[in-house]
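Protein chains: 2
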Amino acid sequence: MEPDEALARLRALGFADDDAQRLFAHFADAEARGKPSHGFSRVEWLETLELDVAARPERVEAEPGFERWHGRGAVGYLVLDAVVRAQFADPPGAARIVVCEDTFPTGMLGGWVRRLAEGGFVAALTATSPARLAHPGGGPKLIGTTPLAIGIPSSAGDPIVTDVSMGRVTYGDVLAGLAAPEELVPFGGEHAHKAFALGLGLQLLVQALLRAPGFGAVLLVARPESDPVPALRAQAAGVRLPGDGGGIRDEVRGLAADAGDREEMRIIRGQMADLKPPLSD
Amino acid sequence: MEPDEALARLRALGFADDDAQRLFAHFADAEARGKPSHGFSRVEWLETLELDVAARPERVEAEPGFERWHGRGAVGYLVLDAVVRAQFADPPGAARIVVCEDTFPTGMLGGWVRRLAEGGFVAALTATSPARLAHPGGGPKLIGTTPLAIGIPSSAGDPIVTDVSMGRVTYGDVLAGLAAPEELVPFGGEHAHKAFALGLGLQLLVQALLRAPGFGAVLLVARPESDPVPALRAQAAGVRLPGDGGGIRDEVRGLAADAGDREEMRIIRGQMADLKPPLSD
Chain Y
1 MEPDEALARL
11 RALGFADDDA
21 QRLFAHFADA
31 EARGKPSHGF
41 SRVEWLETLE
51 LDVAARPERV
61 EAEPGFERWH
71 GRGAVGYLVL
81 DAVVRAQFAD
91 PPGAARIVVC
101 EDTFPTGMLG
111 GWVRRLAEGG
121 FVAALTATSP
131 ARLAHPGGGP
141 KLIGTTPLAI
151 GIPSSAGDPI
161 VTDVSMGRVT
171 YGDVLAGLAA
181 PEELVPFGGE
191 HAHKAFALGL
201 GLQLLVQALL
211 RAPGFGAVLL
221 VARPESDPVP
231 ALRAQAAGVR
241 LPGDGGGIRD
251 EVRGLAADAG
261 DREEMRIIRG
271 QMADLKPPLS
281 D
Chain Z
282 MEPDEALARL
292 RALGFADDDA
302 QRLFAHFADA
312 EARGKPSHGF
322 SRVEWLETLE
332 LDVAARPERV
342 EAEPGFERWH
352 GRGAVGYLVL
362 DAVVRAQFAD
372 PPGAARIVVC
382 EDTFPTGMLG
392 GWVRRLAEGG
402 FVAALTATSP
412 ARLAHPGGGP
422 KLIGTTPLAI
432 GIPSSAGDPI
442 VTDVSMGRVT
452 YGDVLAGLAA
462 PEELVPFGGE
472 HAHKAFALGL
482 GLQLLVQALL
492 RAPGFGAVLL
502 VARPESDPVP
512 ALRAQAAGVR
522 LPGDGGGIRD
532 EVRGLAADAG
542 DREEMRIIRG
552 QMADLKPPLS
562 D
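Respectively, the protein sequence lines represent chains Y and Z.
Following our numbering, the numbering of the first sequence begins with 1 at its first residue and continues without gaps.
Following our numbering, the numbering of the second sequence begins with 282 at its first residue and continues without gaps.
Simulated from the structure, these hints should not be mistaken for lab results.
Values in this document were obtained by computation on a predicted structure and should not be read as measured data.
A virtual CB, placed ideally from N, CA and C, is assigned to each residue, including glycine.
Some hints could be false.
Here are some chain Y residues the structure puts well away from chain Z; computed CB gaps all over 10 Å [as the list claims (entries may be wrong)]:
| # | residue |
| --- | --- |
| 1 | 47 |
| 2 | 50 |
| 3 | 55 |
| 4 | 86 |
| 5 | 164 |
| 6 | 173 |
| 7 | 176 |
| 8 | 177 |
Simulated restraints on C-beta separations [what the hints assert, rightly or not]:
| # | chain 1 | residue 1 | chain 2 | residue 2 | range |
| --- | --- | --- | --- | --- | --- |
| 9 | Z | 506 | Y | 93 | 34 to 42 Å |
| 10 | Z | 331 | Y | 140 | 49 to 57 Å |
| 11 | Y | 62 | Z | 297 | 36 to 44 Å |
| 12 | Z | 285 | Y | 156 | 33 to 41 Å |
Produce the entire structure from the sequences given, and follow the hints as far as they go.
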């Protein structure tokens, strides 16, 4: 799907223009980062759902160091988008845990923590999703792919963003025919029990903090006290670090340099501005 | 090393009796859970360090949802022991982040979150340690084995505790000659970049929240709103879940049933009482 078509189809689903732009920005980010299974293909998938495009997520609890949000039927991407914007509008003290109820799907988790890290916050995010992974020893599928994304701001250059799901392949890859269903197992080969345990622990952590059954997310957002990234990059001496690749704007510039993609990329590039952390809600 | 010898040697190092008991309880727990590299062998290792046995960890900051502790030169195990006891003495509201400066070594992280989970709290804990893992693509050793431990209380039976380090083997195994140094790489084989990314993200998360260089830990402790473990166990239908095995008391009972181990196990069993979450500091 081409970017302009994706945006048009999001609008055709009935989303208000700012929501369509928010969804588009998240999908375009995933495309630019080489994660097409979280990209424009999701528009087609959204078209198969019964969406309440007018639903608005709500912050139902706020105390120092803690917030609880409820999706209120909004698509999960827009819940997390609202949560991210709210952190900038009302920043945490030292740290804050944000529990998101009724929040699905959550997309490329690295995208949300990257926005927080670009705005100067340390962030970690995990989320539940349908059970697709069994224990490597056998038995029923017990856990989702349960990614953990972590974003760390840097005084020099891009943040470091890690975003690791516990599956050997993604469910999106299976849907897209890029991987066979039997490849959707915990990663790690002979040590797959480790990835399974990580996913199980993270899934139960989210589930235990939710009030109601359903899918959700837990976010940690905190103010950094130190700036470890520049020293790490110096020590890494050129080793490509997770989430790196010159930053999304460089990637977009690279893609846009291909004349055939110019029109398409003009649109994405225009949307990139929306990926900058907004300073207020 | 036999349990009674371990306790005697801890006392001989000059630790006050309650601290010697706390260290012993942690090491005995590791032994009983089949993690001898975090067990009594650590007494021998402590004997090689310059320890300040009179040092006392200090809570240097406390605000709703956040605490910062400083080891003040105390051995890391005793910092985390003090932090765990403090959570019971002064429980969090909905959730609390605890940053621990100058906290090393931290031992079997699952032991600390298990105590919190047995006392009814959801807990997640990670910690930094010397760099031992390189990027799977090569280059210098950039990260420690950086475990992530998660403990989830249950209304029926034992908590679920996951405790996963990002190394294919442990550094303790290398020290003990159970694994070759070249086996100390991120786990995951062809997907080892995932374990490396998880460890890198967790390490930077801790480092970014510390004020001063050095090793430290970050703990999330929260009140559960739901009770997902019984349903998971029912669904798992007998699959052995991480951290399971019938609970430490069952394991100890099993070991103690071996007549040859009876005297040794009598001592461990006596110490098990100390593993129950204290109700006050």
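- Query: Going by Cβ atoms, does residue 47 (chain Y) stay more than 10 Å from chain Z at every point?
  - Reply: 31 Å, holds
- Query: Taking the closest pair, is the beta carbon of residue 173 (chain Y) still more than 10 Å from chain Z?
  - Reply: Non-interface label stands for residue 173 (chain Y): nearest chain Z Cβ at 13 Å, farther than 10 Å.
- Whether residue 164 (chain Y) stays farther than 10 Å from all C-beta atoms of chain Z, as the label says: 5 Å, violated
- CB-CB spacing for residue 140 (chain Y) and residue 331 (chain Z) relative to the 49 to 57 Å hint: Cβ of residue 331 (chain Z) to Cβ of residue 140 (chain Y): about 52 Å, so the range 49 to 57 Å holds.
- Hint says 33 to 41 Å; check whether the CB-CB distance for residue 285 (chain Z) and residue 156 (chain Y) agrees. For residue 285 (chain Z) and residue 156 (chain Y) the Cβ distance comes to about 54 Å; the hint is violated.
- Grab the minimum beta-carbon distance between residue 50 (chain Y) and chain Z and tell me whether it stays above 10 Å. 26 Å, holds
- Item | Check on residue 177 (chain Y) being off the interface with chain Z, judged by Cβ distance over 10 Å | 21 Å, holds
- 10 Å cut-off, C-beta based - residue 176 (chain Y) kept clear of every residue in chain Z: At about 19 Å from chain Z, residue 176 (chain Y) clears the 10 Å cut-off, so the statement holds.
- Item | residue 62 (chain Y) versus residue 297 (chain Z) beta-carbon gap, inside 36 to 44 Å or not | At 43 Å between Cβs, range holds.
- Task: Given the hint of 34 to 42 Å, check if residue 506 (chain Z) and residue 93 (chain Y) actually sit that far apart at their C-beta atoms.
- Result: At roughly 22 Å between Cβ atoms, residue 93 (chain Y) and residue 506 (chain Z) fall outside 34 to 42 Å, so the hint is violated.
- Task: Grab the minimum beta-carbon distance between residue 55 (chain Y) and chain Z and tell me whether it stays above 10 Å.
- Result: 22 Å, holds
- Task: Please settle this one: residue 86 (chain Y) was flagged as non-interface, so is its CB more than 10 Å from every CB on chain Z?
- Result: Residue 86 (chain Y) clear of chain Z: closest Cβ-Cβ about 16 Å, beyond 10 Å.
The structure is inconsistent with the numbered hints 5, 9, 12, although it conforms to all the rest.
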